[in-house]
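Given chain A's structure and the hints, the job is docking chain B onto it.
Line by line, the protein sequences are chains A and B.
Residue numbering for the first sequence follows the UniProt record's numbering, beginning at 1 and increasing consecutively.
Residue numbering for the second sequence follows the UniProt record's numbering, beginning at 1 and increasing consecutively.
Everything labelled a hint here was simulated from the structure, so no lab data went into it.
Please note: incorrect hints may appear among the correct ones.
Said to hold, decoys possible - Quick list of in silico lysine-lysine cross-link-like pairs, DSSO-like style, CA-CA up to 30 Å:
no., chain 1, residue 1, chain 2, residue 2
1, A, Lys11, B, Lys203
2, B, Lys161, A, Lys348
3, A, Lys326, A, Lys220
4, B, Lys3, A, Lys326
5, B, Lys186, A, Lys130
6, B, Lys186, A, Lys348
7, B, Lys199, A, Lys269
8, B, Lys198, A, Lys2
9, B, Lys242, A, Lys151
10, A, Lys422, B, Lys158
11, A, Lys348, A, Lys98
12, A, Lys348, B, Lys3
13, B, Lys199, A, Lys297
14, A, Lys107, B, Lys185
15, B, Lys336, A, Lys348
16, B, Lys186, A, Lys269
17, B, Lys81, A, Lys422
18, B, Lys198, A, Lys269
19, B, Lys186, A, Lys422
20, B, Lys199, A, Lys2
21, B, Lys161, A, Lys422
22, B, Lys185, B, Lys203
23, A, Lys348, B, Lys139
24, A, Lys185, B, Lys198
25, A, Lys326, B, Lys327
26, B, Lys78, B, Lys199
27, B, Lys81, B, Lys22
28, A, Lys151, A, Lys85
29, B, Lys139, A, Lys422
30, A, Lys288, B, Lys81
31, A, Lys190, B, Lys158
32, B, Lys199, A, Lys422
33, B, Lys185, B, Lys78
34, A, Lys297, B, Lys203
35, A, Lys98, B, Lys186
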Amino acid sequence: MKLEMGYIHIKDIRFSEESRIQDGILYVSEKAVRETALEDEKLKSVSFDIARPGASVRITPVKDVIEPRVKVEGRGGIFPGIISKTDTVGEGKTYALKGMAVVTAGKIVGFQEGVIDMTGPGAEYTPFSKTLNLVMVCGAQEGIEPHEYEKAVRLAGFRVAVYIGELARTLTPDETTVYETCGLKEGIEKYPELPRVAYVQMLQSQGLLHDTYVYGVDAKRIVPTILSPTEIMDGAIVSGNCVSACDKNPTYVHLNNPVVHDLFEQHGKTLNFVCQIITNENVYLADKQRSSDWTAKLCRMLDLDGVIVSQEGFGNPDTDLIMNCKKIEAEGIKTVIITDEYAGRDGKSQSLADADTAADAVITGGNANQVVILPKLDKVIGTLDYITKIAGASEQTLHEDGSLEVELQVITGATNETGFNKLSAR
Amino acid sequence: MAKIKVVHYINQFFAQIGGEEKADYPAELRVGETVGPGLAFAANFKDEAEIIATIVCGDSYFNENLEKAKADILAMVKEQKPDVFIAGPAFNAGRYGVACGTIAAAVQEELGIPAVTGMYVENPGADMFKNHVYMIATKNNAAGMRGAVAKMAPLALKLGKGEPVGASAEEGYMPNGIRVNFFEKKRGSARAVDMLLKKLAGKPFETEYPMPNFDRVAPNPAVKDLAHAKIALVTSGGIVPKGNPDHIESSSASHYGEYDITGVTDLTEDTYETAHGGYDPVYANQDADRVLPIDVLRDMEKEGVIGELHHLFYTTVGNGTAVASAKAFAAEIGRKLKADGVDAVILTST
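Chain B on its own, in the form it takes in the complex:
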């Protein structure tokens, strides 16, 4: 098998050109050369990959001439047609980290060439780019080179070969907002006992799922004049016209339905049902008003308690549906309801 071709990006310091006084060194392509940390990569690759070119650029030059430096380096990489691009590792060097993140992300996004970089978790480049490109977490100084290369090189090989990449905990990259399954060495209950013992002893432990910042929506003030309000019904209880014409999934819904209820005063066993897979559907199928109370709202409409019931209802299945999908449905449904002049919505779940 042909060797994986790698282009490696490093700064002036790791190219042994100089320190801060040489940080204005412009981008330079060295074809066929393996420089500085590149030697450690080459040793780790054995016969599987080779560094076909090294790009050297001063940290100040890159950051002060961002657009030009980026364009120049992209052109250099493009010309070399590598299978994978490696930048750094940058450890805790701030400008170098930002340069590595910027260029690795650009190579990946603009040239479609997979890229990997590495740096210390507190490097400003980490937060900026860890969700854009695989970023190995390293120690905060170059003493951690061996460890950094030991993780970056195998990941680069996988990317170069187009092999599937495992979870962050397995590969050593910083969590990037994408949850990936993998098999641990111990079962979950044993991991829980280990974690609890650490927590009880006041020792550091790492949660397997850091809690997100939860999106909480404050309710609007109450509707003052119900008698003139236009009310709409929206449900995650899966009520659909009989036969589920839009094939809303019983779980993990990928879409929602919009149905006209002009003239409908009651939902019956023959006309409506639920698509929801999260509860016993018997009672909802017998009388879907139990989930989507159209009968009662029609009465209230007649009695003048509410102004009118909106002629469209929106429905999806809440069962196992990703929060991101639910949020996207809600934004769309909300816009439509607003455009239709709806004053208030009754949300029903199950």
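Looking at chain A on its own, in the form it has when it is part of the complex:
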């Protein structure tokens, strides 16, 4: 499958009477995006704001971060099965607005939404301090259940991102990259000497606000399957989860999955990037066994030489990670896993809830329990009302001078387990 990605660099976002993109500046009609967001009657209100890199702004509680894209050629549309009709994506031509994101925020759903600081020490840890953020703070209608609220906010974010992506349809991209994978036979013939490598992505599917959707299907209800790695670039996988902010994959990370991009970088040079395998992280033992068995089986059937496995979340999914690693290694396939650590605030504890000697090649996104002090910032988009309840915060979080004492856990994307960041630990 061949997908041409056109990148359009956004230099600023401004509110305006009419929505358009001109000379790298995104002009947004507040009226239009509000109407798009409020198409869902479960949402009562939405307010929009712009957070720029370096500004003294804190966004919280953050739910999702989304990069606007538009499909300009080929089958399907962005977010198939969710916003666009179901159709296989990953071929043709897609434009992405680089340097910006749509960030959804609002009253808390579970305990686990995150913080994005646009400046200061917190900004060093979140990748979304470097993007121009169009933030939408959504308010729910009275009496709707938290999970309905979560869904309404999630979909509103996608609608707004797609609305903004559409503004780029007729533009000429600043940069273009072509991503192409081969069919199985074609790949073997074309690259007979190169090791056959796949990416095994574990999708958060613990349920109860820990969900991921693939073409609109709840990932709890999938068995492991294969994707062309270009499918994610059109939004085949989206986040629906509220696990700890530091190591959940916002939709932005799915769209820009770094393992996919870095394997493409080596494709045809040092390795043959065969495909992406997706599996889940269900909480029942039978599901864990079935999914890890199937993942290893698919790796074997594809005659792979090596895989990279990425995790999402921590604790319970550590067992899925280790089961996948053990079973894939047992097939004689070289495995590298990407995780993060909960080594305690002092760094002295065992980092994962499970371990095995087969996991001899580990990449870590850092210790999520590390404490940081986030100084008071001038402006809060959203609310600090729930800050002590976000996972990684405590009753002692809010200091008298307005600074926050928190674990990295609270910071959106800080210890991402697809290897999105440079943070690590030893």
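Below, chain B without anything else, positioned relative to chain A:
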């Protein structure tokens, strides 16, 4: 700014007194002298630090007169009041390595003066002391002096100035059981691809997290006589009396709660809730028995299926809680349950 004051410890060989035949050389303080490898340190420090004294001691003397040598050397160091203490590097010299580790750890622990040493990873002193004192990994012989000093000197300066010390991979010290965050040059996914390519090619690679020896607990044999057994409930699902009176954290719990359920037959929305931040709390808050099944156990108590339900339950939040904390809670809870004559425990999670 005043220069950082350093006291340097070396053996008889590096003081050019002699080899094995002089290994019984007793501890000696040379105030104002920079000796042997000290010159390399001094060059590396430039104007930031100076070696105010060198202590020389024979390797056999140190190890055969451990207590006396240690006490003498500690007294010498104390008198000099340095900002930082450096021992070695010892490379692969076994007795020298043990001496460096012993004295560096003692200076740090007993005098409160930060210390750094260096040696080859297979030196017996490494395993003994790498978790006690910063220990730079060096080559296995003195040809590696330059490289060793290039890492030990900057680390000594940081310690002397009280500056934060980075991760082992950055500073060059041996992993010491304390995980420290730092920023790599490449993002994680690119590091994963690099590591996989090395692994596929059969080339050496270094994992970023060596797997620990996992603590697995074998389950006890089944309880034979349930009808006379005292059963307790323990949960990591965060069920607490409404309002979370002991403020158990929603994640990374620092403590557990102990609550009396004498007379309680059912947990209701008005009386109990969950403090757990790792799952949607709606269903647990509606009916906490879903996580801590007191209602069912009361029925079983009445029906004579179990002897009795223990009047206390123990609870904490498993979400993101460090294994070391969980282990400490479990040891304490276990002792209390045993003291109360509990025969079996039902552990519920979420």
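Consistency of the hints with the structure:
1. A hinted pair counts as satisfied when its Cα atoms are at most 30 Å apart, and lysine 11 of chain A with lysine 203 of chain B does not qualify at roughly 43 Å.
2. Proposed proximity of lysine 161 of chain B and lysine 348 of chain A is supported: the alpha carbons are some 24 Å apart, at most 30 Å.
3. Distance hint between lysine 326 of chain A and lysine 220 of chain A is fulfilled; the C-alpha atoms sit about 22 Å from each other, no more than 30 Å.
4. Straight-line distance between C-alpha atoms of lysine 3 of chain B and lysine 326 of chain A comes to about 54 Å, which puts the hinted pair past the 30 Å bound.
5. A hinted pair counts as satisfied when its Cα atoms are at most 30 Å apart, and lysine 186 of chain B with lysine 130 of chain A qualifies at roughly 17 Å.
6. Among the hinted pairs, lysine 186 of chain B with lysine 348 of chain A is consistent with the structure: their alpha-carbon atoms are about 25 Å apart, no more than 30 Å.
7. With a CA separation close to 16 Å, the supplied pair lysine 199 of chain B and lysine 269 of chain A stays within the 30 Å bound.
8. A distance of roughly 28 Å separates the Cα atoms of lysine 198 of chain B and lysine 2 of chain A; the hinted pair therefore holds under the 30 Å criterion.
9. Between lysine 242 of chain B and lysine 151 of chain A the alpha-carbon distance is near 28 Å, which keeps this suggested pair within the 30 Å criterion.
10. Of the supplied pair hints, the one linking lysine 422 of chain A and lysine 158 of chain B holds, its CA atoms being roughly 24 Å apart against a limit of 30 Å.
11. At most 30 Å may separate the alpha-carbon atoms for a hinted pair to count; lysine 348 of chain A and lysine 98 of chain A exceed this at roughly 39 Å.
12. For the hint pairing lysine 348 of chain A with lysine 3 of chain B, the CA-to-CA distance comes to about 33 Å; that exceeds 30 Å, so the pair is violated.
13. Proximity of lysine 199 of chain B to lysine 297 of chain A is assessed by CA-CA distance (about 21 Å); at most 30 Å being required, the pair is judged to hold.
14. Between lysine 107 of chain A and lysine 185 of chain B, the direct Cα distance comes to roughly 37 Å. Violation of the 30 Å bound is thereby established for this hinted pair.
15. For a cut-off of 30 Å, the pair hint linking lysine 336 of chain B to lysine 348 of chain A stands: about 26 Å separates their Cα positions.
16. With a C-alpha separation of about 19 Å, the suggested pair lysine 186 of chain B and lysine 269 of chain A falls inside the 30 Å cut-off, and the hint holds.
17. At roughly 40 Å between alpha-carbon atoms, lysine 81 of chain B and lysine 422 of chain A are farther apart than 30 Å, so this suggested pair is violated.
18. Annotation: proposed proximity of lysine 198 of chain B to lysine 269 of chain A holds, straight-line Cα distance about 14 Å (limit 30 Å).
19. Proposed proximity of lysine 186 of chain B and lysine 422 of chain A is supported: the alpha carbons are some 6 Å apart, at most 30 Å.
20. In summary, the hint linking lysine 199 of chain B to lysine 2 of chain A is supported, as the alpha carbons are separated by about 29 Å, within the 30 Å threshold.
21. For the hint linking lysine 161 of chain B to lysine 422 of chain A, the alpha-carbon distance of about 28 Å falls within 30 Å, and the restraint holds.
22. For the hint linking lysine 185 of chain B to lysine 203 of chain B, the alpha-carbon distance of about 21 Å falls within 30 Å, and the restraint holds.
23. For the proposed pair lysine 348 of chain A and lysine 139 of chain B, the alpha carbon gap of about 27 Å is at most 30 Å, so the pair holds.
24. For the hint linking lysine 185 of chain A to lysine 198 of chain B, the alpha-carbon distance of about 26 Å falls within 30 Å, and the restraint holds.
25. For the hint pairing lysine 326 of chain A with lysine 327 of chain B, the CA-to-CA distance comes to about 25 Å; that is within 30 Å, so the pair holds.
26. For the hint pairing lysine 78 of chain B with lysine 199 of chain B, the CA-to-CA distance comes to about 50 Å; that exceeds 30 Å, so the pair is violated.
27. For the hint pairing lysine 81 of chain B with lysine 22 of chain B, the CA-to-CA distance comes to about 29 Å; that is within 30 Å, so the pair holds.
28. For the suggested pair lysine 151 of chain A and lysine 85 of chain A, the alpha carbons sit about 18 Å apart, so the restraint of at most 30 Å is met.
29. Distance restraint check for lysine 139 of chain B and lysine 422 of chain A: the Cα-Cα separation of roughly 29 Å lies within the 30 Å cut-off, and the hinted pair is therefore satisfied.
30. Annotation: proposed proximity of lysine 288 of chain A to lysine 81 of chain B is violated, straight-line Cα distance about 59 Å (limit 30 Å).
31. In summary, the hint linking lysine 190 of chain A to lysine 158 of chain B is not supported, as the alpha carbons are separated by about 54 Å, beyond the 30 Å threshold.
32. In summary, the hint linking lysine 199 of chain B to lysine 422 of chain A is supported, as the alpha carbons are separated by about 21 Å, within the 30 Å threshold.
33. Distance restraint check for lysine 185 of chain B and lysine 78 of chain B: the Cα-Cα separation of roughly 41 Å exceeds the 30 Å cut-off, and the hinted pair is therefore not satisfied.
34. A threshold of 30 Å between alpha carbons decides the hint, and for lysine 297 of chain A with lysine 203 of chain B the separation of about 26 Å falls inside it, so the pair holds.
35. Between the alpha carbons of lysine 98 of chain A and lysine 186 of chain B the distance comes to roughly 20 Å, so the proposed pair stays at or under 30 Å and holds.
Of the numbered hints stated above, those contradicted by the structure are hints 1, 4, 11, 12, 14, 17, 26, 30, 31 and 33, listed in ascending order.
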